[in-house]
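Peer 1: Following the hints, put chain B in place on chain E, whose structure we already have.
Chains E and B, in that order, give the protein sequences. Read in order, the letters of the first sequence correspond to residues 21 to 529 in the working numbering. Read in order, the letters of the second sequence correspond to residues 2 to 515 in the working numbering.
Hints were generated in silico from the structure; no laboratory data involved. Nothing here was measured: the structure is a model prediction, and the numbers come from that model. Warning: the hint list may mix true and false statements.
Non-contacting residues of chain B with respect to chain E, defined by C-beta distances greater than 12 Å in every case (computed) [as the list claims (entries may be wrong)]: (1) G201; (2) L242; (3) L330; (4) C360.
Per the computed footprint, the stretches of chain B lying under chain E, defined by three or more beta-carbons under 8 Å from a beta-carbon of chain E, are [unchecked claim]: (5) 94-101; (6) 133-139; (7) 297-310.
All C-beta atoms in this analysis are idealised placements derived from N, C-alpha and C, irrespective of residue type, glycine included.
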Amino acid sequence: MLTAMTMNPAGYIQSRIAPSLAAFMVLAMLPGAMVRAAEIRVNPPSGGVAVFVLPSADPALGALGIESGAALRDAFDRCGRFLPVEEHQLRWAFRGAGSPTEDDFYGRAARLLDVDLYVVVAPSRMGEIYGAAMRVVPRRGDLAHLERVVRFESRIMVNIPLRLAKAAALLHEGLPVSAPVIARLEFERYLIGAGQWHGLSAGTFPTRDHGAIEVLVTGRYESVARIPSAKPGIESKIVIPVYPDVRGRSRRYGARISENTIARYGADSTLLKNTDPRKRYIEGACIINPGGNACLPVYGAFLATGYLGFRDPKADAPGLAISGSMLALQLSLPSFLTGFSAHFFPWERDGDKTRDMQRLQAVMWATTPLTVSAAYFDQLAVQFSRAGALPPFFEDRDAFAALCSAVVPGGGQFYKGRRLTGWGFFISEMALGACSAYYFDDRGRGRLLLAALGTVKLADIASAFFMRTGYDVYNRETADDRASLLPFLQMREMPGGEDVMMLGMSYRP
Amino acid sequence: MLPLIISKRTVVQKMPMVSTLVIMLVLSISPAFAARPIAAMAGIEAKSPRGAQVSGMLAERLSAALRLSGAFDQIDRALLADHLSRYGCDAEACLLRFARTAGVSLLLHGRVDDRGSALTIELEAYGIDAPYFGKILYRYRAELFQGTAVLAARELSLICEEHAVRALAGVLSRFRLPVPLIEDGGGGFSIQGDVRVSAGEYELFRPVRSAREDDVVRTVERAGRVRIEDNGRVVGIGPALPRAGDYMLTGFQDEAARMADLHLARKEEAVFQHPGYSDAILAVIFSAPASASMPIMAPLGYYHYGDFEGLSLWAANAAPWLYLEASGLLRRPNDLRKEKRDVSRETAARYNFGLYMLCAGGLPLFVDAFAHQYLRDASLYQGAQPVIGGNPTAVYLSMVSGGGGHFYKGHRLWGYFYFHINNALVYSALREYSSAQRYDPGTDSYRKSKGDTGRLRVYLGALGALKIIEVAHVLSVGHSISAGRVREERFSIAPDLIIDENEITPGLRMTYRF
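Pulled out of the complex, with its shape left as it was, chain E reads as follows (with noise of 0.2 Å):
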């Protein structure tokens, strides 16, 4: 650099300061430019969205506000169809509006904007669980099914913008893009407000009202369109069929909802801070349960879920109950089915027990490692479930539960805390599989039989997979805005301690 300067300074100077002295002046330019009335106005071929925040008092709610609004500026901003009003608009337009206590303040600084849509986010608290309500008020009449109120609430201030910003998401669902005609050039050209930003892009695209339209050449916001079989006025909308992937934005929004969840409720930051809680899951499942069953059939299980923890941890008897009969009917059912006359261990053969009998036998205690790692997981279902925490492995639960499920009936299930749904399948696939083991010489029904063990088993996995979780702490922040109607079949624990069996729809409006 010193070379370069001390060859040529003049040169050094124009090339290296010159640029910045340029910008300077650009620069010094930019507030004269920005007060000025005609600048203020929203760029009419983008339209615009006012975003308002109601002021607080309380700091955190402060803080809560300017987050919502600029989570709710990016929203808007990314799906491309209500350009946000810039911060120094908002304070120009707040001077013209009158006084903040006045009534329709707010509609009358959108109306200065003359925006066509404005939202006012009013963000509040009780105690820990914060809140915000979101009012979106249309100024066009044909975006008159926007209008709306929605509200939210969550324990964890982070969720609060990014479900709003999901709010503002969904508003878009099929929202074409609406583009103004800005004026006419040569050759059936136009010059039409929408460009990149909208997801517009270089090609065909058939409209209602102007035929089939060609999109010439695109800028960030402007485009330069040929609609040779119409002549549209100035300020006309042309409107194109492109949406905005609402859809895909969404998902997102839910990731990143989610992802927060977990890192509040995971068992990471609630019950083993100093400890990789996902080598405690694995070395519980495969070295502490089965050593606890060894020592306490079945209520081992539930001694063993104590090395994730758990503060205080309460047996889940209906669980041990059902495991406890479950594994007793395994070591005692050929037993049983020969009067008590076969012998006990199935590596004893005898006169009273045949080879299917056997055969039956040696796979019936050739499971129990399963249904002890059943009963665990059962009876961690439950201890998660009250400790308001979410087990290991949650981010990538999908996947988990299907790699549980392949290995132990119902075992996706039982970590997802569906538990009613994990024992239906647990008793199904054993009940199948011994059945297979003892027709297994059966040809016909045998693979019959095997056939049907298989389609529960996937029918357990894809299940696995794709069911929602029973964990109320991650539902309740994680849960969709949209009015739905769903199944449910639970096993919950009362106030009282009491278990109570709940099957039912649930209508979310």
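Peer 2: For chain B alone, coordinates are given in the frame of chain E:
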């Protein structure tokens, strides 16, 4: 006034001596003429303190990379950031207005999102002039999962440098600069003397005349092709008649490739300890013990490093081959012969396959269990890593085992692809090679029956071809030491299953990330 200042500024350029030398070397193939468009960096947003630290480093590194590329002049970053924030000009529309007014050709803008265990870096590059008219021409997104690695200021700085260089290389590889033709005074045309364009043939573009000359977006039509002579003269090819105001597009692909290659080479030098033949010799010595101990050491390795994805993949992929190995070694032909029982070809083949897995077949999975973590540490600049980084070792591993070289270089999925094909071919070849032995009680001896030698040759040929392809492939790919997962703009077509809370929709997704 302002455009005048800027255009005057671009006339005189003195590049630093090193840059001049490098560019002269690169351009020595074809004559060129120097000048640079203007780039401006409109800030990198961040919300958390660590995000702000990363954003500052990233902006600094981007600025340095831009300077090093020699492709652009820059507006002073600090001055620009100060004024843009002072006047609240942080929205995209405002930034584009500024860039157009200031005569900026390339505008960079980004954000750093700190999510505790992960950092996301997003950079967007806007082309202001034709052919972009303010569009985003390139988008770069990197996700950095910290895991157990310690990322202090030194590591963060190096990571920021890496992403700055890669992002800028991406921008330069896409960016096209319009170069207008001017009359040379002798009835012909030339390009401005201060514009650097290599001699050669170019497509010529002509802006369509419009009554609204101030429009941001202008239509353009193709006006044929022209050739730039060594002396800077422009000659029309065929029927094309160039006019003043026509322009052609030039780019910076060479600079982009040079920057990316240079940075990768520097990183490999810094993060690999001895990438040479000594590692390959070590690999040869320890091949058999490593392969034999794979069934125990590999899961322990994955578990030790907390690589549960690797552990799951290992369990799913190794299971069938481990079963074959175990059944072969537990049911040895010698034991059967002692009991005077027949030895089937299958039994003999399994035994031979078991020996292969003991000596070399398990090596790839052993390598994966450990190399993956070393490469991860290398990618995050956690010191110089031993054992990994050498091409001779990768070639050796690819030659003696299936996918070993790919695992060694961190390409796990390719590794499993070759691992399965290789094992299937080895087993098939061994099956044809192995002979069945039938016990003859009359003579108290065994009669051997050979396999099909024709099929054996086919399998061996296929195995040889696979090895050649695998070695060539492993030499053509680099080590997987990218700091974080990078997503650049590109087309992709993939089957998609859209899962919502309420429905599952199967479909085909064609994506153009921009």
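Peer 1: Examine each Cβ of chain E, and state whether all of them lie more than 12 Å from the Cβ of L242(B).
Peer 2: Consistent with the label, L242(B) stays out of reach of chain E, its closest Cβ about 21 Å off (over 12 Å).
Peer 1: With a C-beta cutoff of 8 Å, work out whether three or more residues of the segment 94-101 of chain B approach chain E closely enough for the coverage to hold.
Peer 2: holds (count 4)
Peer 1: Take a quick look at C360(B) and tell me if its Cβ sits farther than 12 Å from every Cβ on chain E, holds or violated.
Peer 2: At roughly 30 Å from the nearest Cβ of chain E, C360(B) sits farther out than 12 Å, so the non-interface label holds.
Peer 1: Minimum C-beta separation from G201(B) to chain E exceeding 12 Å: can you confirm that?
Peer 2: holds (26 Å)
Peer 1: So is L330(B) really clear of chain E, every C-beta pair being over 12 Å apart?
Peer 2: With a cut-off of 12 Å, L330(B) remains clear of chain E, as the shortest Cβ separation is near 23 Å.
Peer 1: Given as covered by chain E, does the segment 297-310 of chain B meet the bar of three residues or more with CB within less than 8 Å?
Peer 2: holds (count 3)
Peer 1: State whether the coverage of the segment 133-139 of chain B by chain E holds or is violated, taking the criterion as 3 or more residues with Cβ-Cβ distances under 8 Å.
Peer 2: Coverage by chain E holds here, the residue count being 5 at a Cβ distance below 8 Å.
Comparing the model with each numbered hint stated earlier shows that all of them hold.
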